[in-house]
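Quick mapping for you: the protein sequence lines, in order, are chains R and P.
Using this note's numbering, read the first sequence as starting at -15 and increasing by one per residue.
Using this note's numbering, read the second sequence as starting at 249 and increasing by one per residue.
Think of the hints as simulated: they come from the structure by calculation, not from any bench.
You can trust all of the hints, since none of them are fake.
Derived contacts from chain R toward chain P, CB cut-off under 10 Å, selection only: (1) N(-2); (2) E1; (3) I3; (4) L5; (5) L39; (6) L52; (7) A57; (8) G65; (9) G70; (10) D126; (11) I136; (12) R158; (13) L164.
In this text the structure is predicted, and so the values were computed from the model without any measurement.
Just so it is clear, CB atoms sit at the ideal spot from N, CA and C, and this is done for glycine as well.
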Amino acid sequence: MTGNTKAMVWKRFNLREAIWLGFCATFIIITRAALMLKLNIPGHAMFFTMFFLILGRGCVQRMGAATLVGLIAGIMCTMLGMGKEGPLLIIKFVLPGIIVDAAALLYSRLAFSIPACVIVGAIAAAFRYATSMGIDWLVEMDYDIMLKKALIGSTMNILFGAAGSALVPLVVRRLKAHGLIS
Amino acid sequence: MAPLNVIKPSASQNQPRVNGYAFQYRAVDSPVHRMGAGWKLLLGTALCAAAIGGTNPFLLAALLIVNAGYYFLARLSVAELARDLWFFLIQMAVVIVLYMMRYGVPEGIWPGVRTSLRILLFFLPGIILLRTTRISQMMYSMRRILPYRLAFLVFTSLRFIPFFAREVREIAMAQRLRGAHLAPRELLNPRNWQDLMNCLLLPLIIRALKTADEAALSAEARAFGSYPKRSYWNSANYQNSSGKTAAVNDMEIKETL
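Just chain R, same shape as in the assembly (with noise of 0.2 Å):
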């Protein structure tokens, strides 16, 4: 990102980019809120979360950035109820932006490239329900089972998470084509 700004939030990121990536995180909120209460298809809320998530990463070519986007998005959803789960949403948020992350880490490009943002933002909603499993686990419930309740629960948050991911090269490539992006 561009920008002349010299505080540093954690020495990683400067404070536009930082208030950038939280501003990535309202988007987050504002698109889940706003269907929550018009679509009724389970999942559908992975296709704006996945794509923020990984344009934060896109615009913010630094380590963390998917991971602080999830982080707040997660603590500003556990304040606003927006979720079954309380405090777990911060894991439930947390965990896509740490596989958004390692993928960048792999492949520097990976929000320039359609089939890695696609393969990345299907493979990290996927992950998303790794908490449900997790509590699953904890309550002892069979392999096999866990297993097959996993696969019912995020067939859609995949497709919805991997078509969300394939928007955002094209626009990544428009900011840096505008200069707005470094």
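Model the placement of chain P on the given structure of chain R, informed by the hints.
Relative to chain R, chain P alone:
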């Protein structure tokens, strides 16, 4: 100094509210509502731990009674309970069916019921926390836990929710008047996603980038990050019995983490 207008809770706040969505905060006065968010979190953690550890049917029954008592002590209605549990009832049906497919019809029922009941008991205290804790109360508790730089980002992001919600609405309305396919149902069709990107997401992102720049400059001008500790002014702590704010010379600066 002119007296402050003290906002009294309206009578309607004590009336049960029928509308609303699952896990939504319900504004009534109850012993659970009056408990601190930290205590509720502690009690919730204990109940969650008991749900994880409980395999005995009697213990599960006792936990169910305790959770139900906790829920209704918060003056939440049966209709609200049904709304909150709707997802879990569907999940319960799926889990029981999967167990019956694996172990057969009579043998699979109890393990399925037990597992899904434990999942429900794990989530119920969190639902009560959300139902009975105001956002401001939650924020106050969070502020004591979060590092201040993270707290700054969270509260800045929260503060901009109405701003960006208004921006989204205005941009979407203007673009729809120009013929863009941005209605929620239209967006289910992938052919309309190009409109979503070109007419809504791009203008919104550019607006957000500019706003981030302005907000960062504004925070920097107020010396954000210049000192390792941050001071803040909490006016709620400085009201005397008549509701007036205390004089400036009584002012203290409280240090956060």
